[in-house]
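There are 2 protein chains.
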Amino acid sequence: MGTLPAGLVERELQAVEVLIAESLRSEEPLLTEIAQYVVGAGGKRVRPLLTLLAFRAVGGKDPQPAVRIAAALELLHSATLLHDDINDRGVTRRGRLAAFRKYGALNALVTGDFLFVKAFAIGGKFAPEIVDLTAAVATSLAEGEILQRRLNNDVQISPMQYLDVVRRKTAMPLSLGARLGAYLGGARDSRLEHLARYGLNVGIAFQIMDDILDVVGDEAVLGKRVGSDVWEGNVTLPAIHALNDGATIDPALLARLLRKKRKTDAEVRRALSMIQDSGAVEKARADAGRYASEAKGALDTFPTGTHRDALLALADFVVSRQR
Amino acid sequence: MGTLPAGLVERELQAVEVLIAESLRSEEPLLTEIAQYVVGAGGKRVRPLLTLLAFRAVGGKDPQPAVRIAAALELLHSATLLHDDINDRGVTRRGRLAAFRKYGALNALVTGDFLFVKAFAIGGKFAPEIVDLTAAVATSLAEGEILQRRLNNDVQISPMQYLDVVRRKTAMPLSLGARLGAYLGGARDSRLEHLARYGLNVGIAFQIMDDILDVVGDEAVLGKRVGSDVWEGNVTLPAIHALNDGATIDPALLARLLRKKRKTDAEVRRALSMIQDSGAVEKARADAGRYASEAKGALDTFPTGTHRDALLALADFVVSRQR
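Just so you know, the protein sequences line up as chains F and B, in that order. For the record, in the first sequence the residue sitting at position 69 is 308 according to my numbering, with numbers rising by one throughout. For the record, in the second sequence the residue sitting at position 163 is 402 according to my numbering, with numbers rising by one throughout.
Chain F on its own, in the form it takes in the complex:
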């Protein structure tokens, strides 16, 4: 199980919250309301935590720049969440109705743009190399969204293609947060690459767990429906394993179910059962565990201490979490 190792940077995380809350003020109350609904919806704040721990792990002193970059990246993440939910037609998010269902897709769209602008307002104050890195990752994020749409309903998707989407949509943004935390903490040596590699692998592990929880998660704990990936034709790692090496199930039948553009409730449940019965979830868990180990290994050369311990605990949390 484990909990998030947030204690070490509690004050910095609170400063991130304050800065985000300030950013959400608007002359149009509806914008603030929708933005707060999304940003304040009890997200795990894994991204800011990662950035701040990386900052401290390399001996960073004045946390203000790291707080600001963490806030900017969280605002960017929230903007893409809003737009992705419209794309994915997700009904619930963090235990509540998705913003676009509650407020309408068009208001959600504009609020996403508003959050992009707020991320820009903070992020655009940093040095050109930071702006470049951030823009490159945000570009890759948009490309990942298109790639994912292109692969929709494709049961031939390979683990490599799946990983490409995961890298772009989740892992590279987390890696960027770790890298920038370290950079702002003063690191100009191999520790930058080590923390970036840590962030990338934690990100992959995080997304694989997300995809596992969408197959076997407890809806009450998770705060959202399971099976949404199957519903939406999003063929993720558990499904890929089931299709490729599920010896105990009929992969052709599973493929037929997954490929259907309009699925019934019963078909979704059937597909989920087949994935569960195939042993694919255990395989995906092992994959996630390997990425978490790889992440921890990236910290081998770091001096022992509370911040390194917290980063190791974060990697463990990511693959043991229930929500």
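If you are wondering where the hints come from, they were derived from the structure by calculation, not from laboratory data. Treat the hints loosely; a few may be bogus.
Note that the list lumps identical chains together, so a pair holds whenever it fits in one copy or between two copies.
[Said to hold, decoys possible] Each computed DSSO-like pair below joins lysine-lysine, with the alpha-carbon atoms no more than 30 Å apart:
{"no.": "1", "residue 1": "K522", "residue 2": "K500"}
{"no.": "2", "residue 1": "K300", "residue 2": "K535"}
{"no.": "3", "residue 1": "K522", "residue 2": "K463"}
{"no.": "4", "residue 1": "K364", "residue 2": "K300"}
{"no.": "5", "residue 1": "K500", "residue 2": "K341"}
{"no.": "6", "residue 1": "K499", "residue 2": "K535"}
{"no.": "7", "residue 1": "K502", "residue 2": "K341"}
As the structure is a computational prediction, the values presented were derived from the model and not from experiment.
On the provided structure of chain F, position chain B as indicated by the hints.
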């Protein structure tokens, strides 16, 4: 009639096009295709022209920074165009099917995000005061979109409320372009405010003309359907004049037509005829003319010369254009 006075800054405008084209490259061909479809769709490029003329009018020398900010603002404009079209359900744009009709709303949404990122990549390299100004205007743009949606189908809308939307969505972005052009050209005196005032008033005149052309424009010249504002419940200045002081028509009937959420083709044509018959278009033209004059007046203290002449011609073009 008049044409756009682009000759003076032809090379700089070409440099803007090159920079925009570079920004649209992506590993996902679909993103590039949709982005090119929107950005390269033969827009008038009024915004870059305004920025570059302002830059030269204050004696700016090396045009590279002005070229870059003009490209960033045009990319931002294109991003909001894409998202606005989804909002407005506009069918055609610049003589072609709106991008979201051709490529789907969700691909258009992601492409808009991609363009935001590209604008950020260029704009985030400028000094903090420029980032702040740009972020403030982009925030106001999102707020204007929400305000416009809030006022949708509201036949009680006052000219002031209409102007508030116009300021946020069109005039402030144009004013920003003029201000930044002058700033990058080295102006640190009253010329900054004069050019900003020029841009604001040109922007208001520009939007009023847009709204007039949507009532009386020639569809073949305009490249899009007329009557889209009436269709969408967007109560613009011609309609406001017709509702408030159309002595020769029945304002209550017009209000009923405009307020209907689902209108027939015949009802839209009827409403357009009533607006035309009411004398409202002539009143709106006079309003646009006053804003254009106000814009030109802002340049009174500028030394005479080719760049001032071009800015005066641009203000005239804006209110005499047929598309």
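Evaluation of the provided hints:
{"no.": "1", "hint": "K522 to K500", "result": "within (27 Å within a copy, 53 Å between copies)"}
{"no.": "2", "hint": "K300 to K535", "result": "within (24 Å within a copy, 53 Å between copies)"}
{"no.": "3", "hint": "K522 to K463", "result": "within (23 Å within a copy, 55 Å between copies)"}
{"no.": "4", "hint": "K364 to K300", "result": "both (20 Å within a copy, 26 Å between copies)"}
{"no.": "5", "hint": "K500 to K341", "result": "both (25 Å within a copy, 21 Å between copies)"}
{"no.": "6", "hint": "K499 to K535", "result": "neither (40 Å within a copy, 61 Å between copies)"}
{"no.": "7", "hint": "K502 to K341", "result": "both (24 Å within a copy, 26 Å between copies)"}
The structure shown violates just one earlier hint, number 6.
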